[in-house]
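Novice: Sequences listed follow chains Y and R, in order.
Under our numbering, residues 312 to 801 are what the first sequence spells out, in order.
Under our numbering, residues 3 to 312 are what the second sequence spells out, in order.
These are computed hints drawn from the structure, not numbers from a lab.
Be a bit skeptical, because a hint or two may be false.
[What the hints assert, rightly or not] Pair ranges (Cβ atoms, derived): (1) Y/Leu693 <-> R/Asp171: 29 to 37 Å; (2) R/Ile144 <-> Y/Glu666: 30 to 38 Å; (3) Y/Gln552 <-> R/Ile144: 22 to 30 Å; (4) Y/Gln552 <-> R/Lys305: 51 to 59 Å; (5) R/Ser289 <-> Y/Ser742: 37 to 45 Å.
The C-beta atom is built at its ideal place from N, Cα and C for all residues, glycine as well.
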Amino acid sequence: MLKRNDGMMKRVSALVLGAALAATTAVWAEETTTDADAAVELDYEAIEKPESISWCSHDGMLPENGQTEWDAEYERLTGIDLEHTYVTGNEYNDKIELDYAADTVPDVFDLSSTYFPKYVAEGAVADLTDLVKASGLYDLVDESIWEQCSYEGRIYGVPKEIPQACGTYVRKDWLDRLDMEVPETYEEFITMLTRFRDEIDECLMPYTAPGLVTAQYLPDFYQGAFPGITEVDGEWIDGMQQENIKDALQKMQDAYAEGLLDMEAITNTTATCRDNWESGSAGAFCYWTGNWGQQLTYNLQKNVPEAEVICIPAIEGAVYLYSTPTVHVINGRLSEEEVAQVFKYFVGYMHDGGEGQVLFEYGVEGVHWEQDGENVKMLPSLSDPNTTLNKAYILPSSRLTPLSVNDKNMVYSDPYLDSLAVTDASAKNQSFQPASETYSLISSDLTIARDTCVAEIVTGAVSVEEGLASYKEIADSLNLEQALEEMNAN
Amino acid sequence: MLRKKEKQKFQPAMTFRKCIHKYGAYYLMLIPLLACLIIFCYFPMVGISYAFTDYSPFHKELNFIGLENFQKLFASDGFWQAFKNTLEISTIRLLLVTFGSIGLALLLDEIGCMWFRKLTQTMVYIPHFMSWVVVASIFTIILSPQKGMVNSVIKALGGKPIYFLANRDWWRPWLYIISVWKEMGWGAIIYVSALAGVDMEQHEAATVDGANRIQRVIHVTLPAISGTIMVVFILNLAKILNLFDPVWVLQNSMVIKVSDVIETYVYRMGISSSQYGISTAAGLFKSVVSVIFVIAGNKISQKITGEGVI
Chain Y
312 MLKRNDGMMK RVSALVLGAA LAATTAVWAE ETTTDADAAV ELDYEAIEKP ESISWCSHDG
372 MLPENGQTEW DAEYERLTGI DLEHTYVTGN EYNDKIELDY AADTVPDVFD LSSTYFPKYV
432 AEGAVADLTD LVKASGLYDL VDESIWEQCS YEGRIYGVPK EIPQACGTYV RKDWLDRLDM
492 EVPETYEEFI TMLTRFRDEI DECLMPYTAP GLVTAQYLPD FYQGAFPGIT EVDGEWIDGM
552 QQENIKDALQ KMQDAYAEGL LDMEAITNTT ATCRDNWESG SAGAFCYWTG NWGQQLTYNL
612 QKNVPEAEVI CIPAIEGAVY LYSTPTVHVI NGRLSEEEVA QVFKYFVGYM HDGGEGQVLF
672 EYGVEGVHWE QDGENVKMLP SLSDPNTTLN KAYILPSSRL TPLSVNDKNM VYSDPYLDSL
732 AVTDASAKNQ SFQPASETYS LISSDLTIAR DTCVAEIVTG AVSVEEGLAS YKEIADSLNL
792 EQALEEMNAN
Chain R
3 MLRKKEKQKF QPAMTFRKCI HKYGAYYLML IPLLACLIIF CYFPMVGISY AFTDYSPFHK
63 ELNFIGLENF QKLFASDGFW QAFKNTLEIS TIRLLLVTFG SIGLALLLDE IGCMWFRKLT
123 QTMVYIPHFM SWVVVASIFT IILSPQKGMV NSVIKALGGK PIYFLANRDW WRPWLYIISV
183 WKEMGWGAII YVSALAGVDM EQHEAATVDG ANRIQRVIHV TLPAISGTIM VVFILNLAKI
243 LNLFDPVWVL QNSMVIKVSD VIETYVYRMG ISSSQYGIST AAGLFKSVVS VIFVIAGNKI
303 SQKITGEGVI
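The shape of chain R in the complex, shown without the other chains:
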């Protein structure tokens, strides 16, 4: 047995020709995917070079200007305010949506009646498929200080109406509430499937040992799906700075200081002001920070759970 394993271990690597001969069909099937990856993911990366040039759509010549765009970007107070806002808003959103999804998945897992469970699942997925523009319109009506449902309740209770979407103290909490409402159901899907794979014998053993429901969730269910939670969390960490739609559609001049994020800043600079070089520099900076987050997240995961995902 040992000899067989050693033999396998020291087997010389297959030559390229043999490899092609043996797995040719698989490589052939891989070609379209690779082509898509190169065309749509890697080829556009050439655009990164604009960050180091004075690119203008109106002129064909392109002059290398080194780090001038980065200097202008980093000298802008607006950019650092947007960067700070992005980190704060994205981190809180990520935590709320992640924990909300896990909580929802655990609750769904506890529903015994199959048709009701499926109905509930479907109901909580629906908001994910609504465009942010529609969601913003709905909540603008709901939160209206003059005709909105929420303020009607406040007024009925004797309070003064609050202009939630133009109030710096209230804008972010409502962004979080709306985000959780929209994304929690969709985020729960993966945890629901992970929960389906939890060994029931462990639950039975815990029950025999006298564990109640909450204790079983804490000591059996959550450890069992911790790998999934980590993978999803690290993958989401990579997207933490990608925050545009919800902010753009809910933003207004009164809350710009607490709501402007890197992507809205990039959009304004790039599209509205035609400063493509600075805009690309901001995008590149954002990507570098995202990569650092992913690597850091992976390291933390390795330390806590003993395994990483990259």
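Pulled out of the complex, with its shape left as it was, chain Y reads as follows:
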């Protein structure tokens, strides 16, 4: 009896468990199907308009240039209250992080390549994959750009603009004075700098640069080497421990010793370098192309009217680099519905090819721009009538998606287009560095070790071998290898 009961109990238990399992599986399957369906069948058009959106910005239009008017125009066009907070660039990232600590995170904000991976790894920003695809934005942008903003196949940020690159500007009038051609090899480049130093009286620094560790600003010397964590053939490696960095640092050491590379490069800022260039005392300077190509040319010509500028194609071996894009992200603490609303009425709106994009690119008609036939004519800046605005928040020449209207064209100057053409022809993309817990812990010490090593080598305080050996010792003691393993595992 007991045995029979035991058997019965087992059969009943098995039935109950089986039923429970089947029910769970059915529910799970239903939920999975619902999620998958939601992903596929996300009805973008049905996303409702939110009452308000909070946005934190740090660049683009400044408050003194009509930000209030811009905000009012956005509210008028969308019918959404815009809670816009502007903070200066140097305190922006601190503020966003403190906002997370205080739970006052804006709905939408932008992140640079330094911070984006960390925010993704921390789950602090929303997954936008389905929204990007459902909005049609995905198809309008080059897939490589989306790959840059993706982690494990999911998109977490939408680039504000397509990335920009740096190219080397050279004083063309000095080349002409010396009867020289545009250099094509490193040897010719060094000959050019040497002759600038020796034969041009007003040349105080043949090549100016802000710091020594940014390959983007020193492509002619780094020659494809990269002083930092970089991706090679799909693997993350430490560029400071590769063979090509030795040659690059030796080149820089020699150039510094010869007085070809700005003696004050260590303490220079980009502003100092621009001043050097615009005052007419520098012969070569690697900086952003496009809009900056125009500004560097015209500002130099204000001080040296006869000056001519050329953005030279990368010399043999040198690699011009695109920056990693700044991306707009949405607060990961919002509900799915809120994320969709913010995406559609803010991120999607700024790349809509129509009125939203015009507002984000040019600003408010009558305040920031006016119609000039089929073109847009930017108006003088409100804060400084002597300068003309070139954008509201998105640089028109770097727009992510094309405009669908035909009468909002922009006329660009030759220096603008010429410099842009040079980098467009050859510049290489950079990927976002993956997040790594170990790297977060050691990045501060590692960066100092790297900066010190490069500065000591270039100024001749130590030899290339000594400097790199010292760096390797520190990198090993900090366990960089583990950080790289974590990055490559992602």
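Position chain R against the provided structure of chain Y, taking the given hints into account.
Specialist: Showing chain R alone in chain Y's frame:
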């Protein structure tokens, strides 16, 4: 008389109610200050607890991890280098600014012409009100190896230009010079007012005894203001490890080994690397060391002058 004193001495303590009744208005006036003190000084101290947790601004949960942050901090060579640099730089700065201020105050005290004295005082105070960012920009230009004033003089004398701000041997001396230039005038204010209270009869007596100016300064003036010097010195000792602005704005990769201090280290770890736990642990360590300095300074003061300030 004696009975009266004894009576006062053994007077029973006033009850709380009587105390409130008698001094109620004063207590009322004290409330806003106490509130400010609690809100802005004591309440933020709750943040010290982050040193013992795995705090992250991105996560709401807070896990107690004991002394793990301190272990990581003390295992870092960078931290000990920063601690050593802080002690060296701060001590030398403190001594130079203190002695510089005393010297300046004594010189100002010797100026007989009142308008010139006031003009000089105002001129030497001005640098204190300039932000360190501005000061750094000015000195970066002055010390530039290519276009700077100092190097122009060196070149004119036949020397080679020196990249002062990127030279490990020169960076600290220039930090001291800039600090003294900026803070000496402001630091002298308190000594100038202390000098005003020195008994002139003692000076006259010393003069009658044949003391010259320097002897009067050494034997009359300095002993008279020694109490003030000690108080200011001990108060400054409490702030000895608070060194950020001047270092941050003048620092660069070439001199990081001789210039990195605890506060720049804390900033890099906390803000740049988001290691708030380790950063708070470093801040807490710094505060504990500061308290030890103040207590030690007070003890030394008690031994030398017979009186302390706390």
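Novice: Looking at the structure, which of the earlier hints fail to hold?
Specialist: Hints 1, 2, 3 are the ones this structure does not satisfy, whereas the remaining hints hold.
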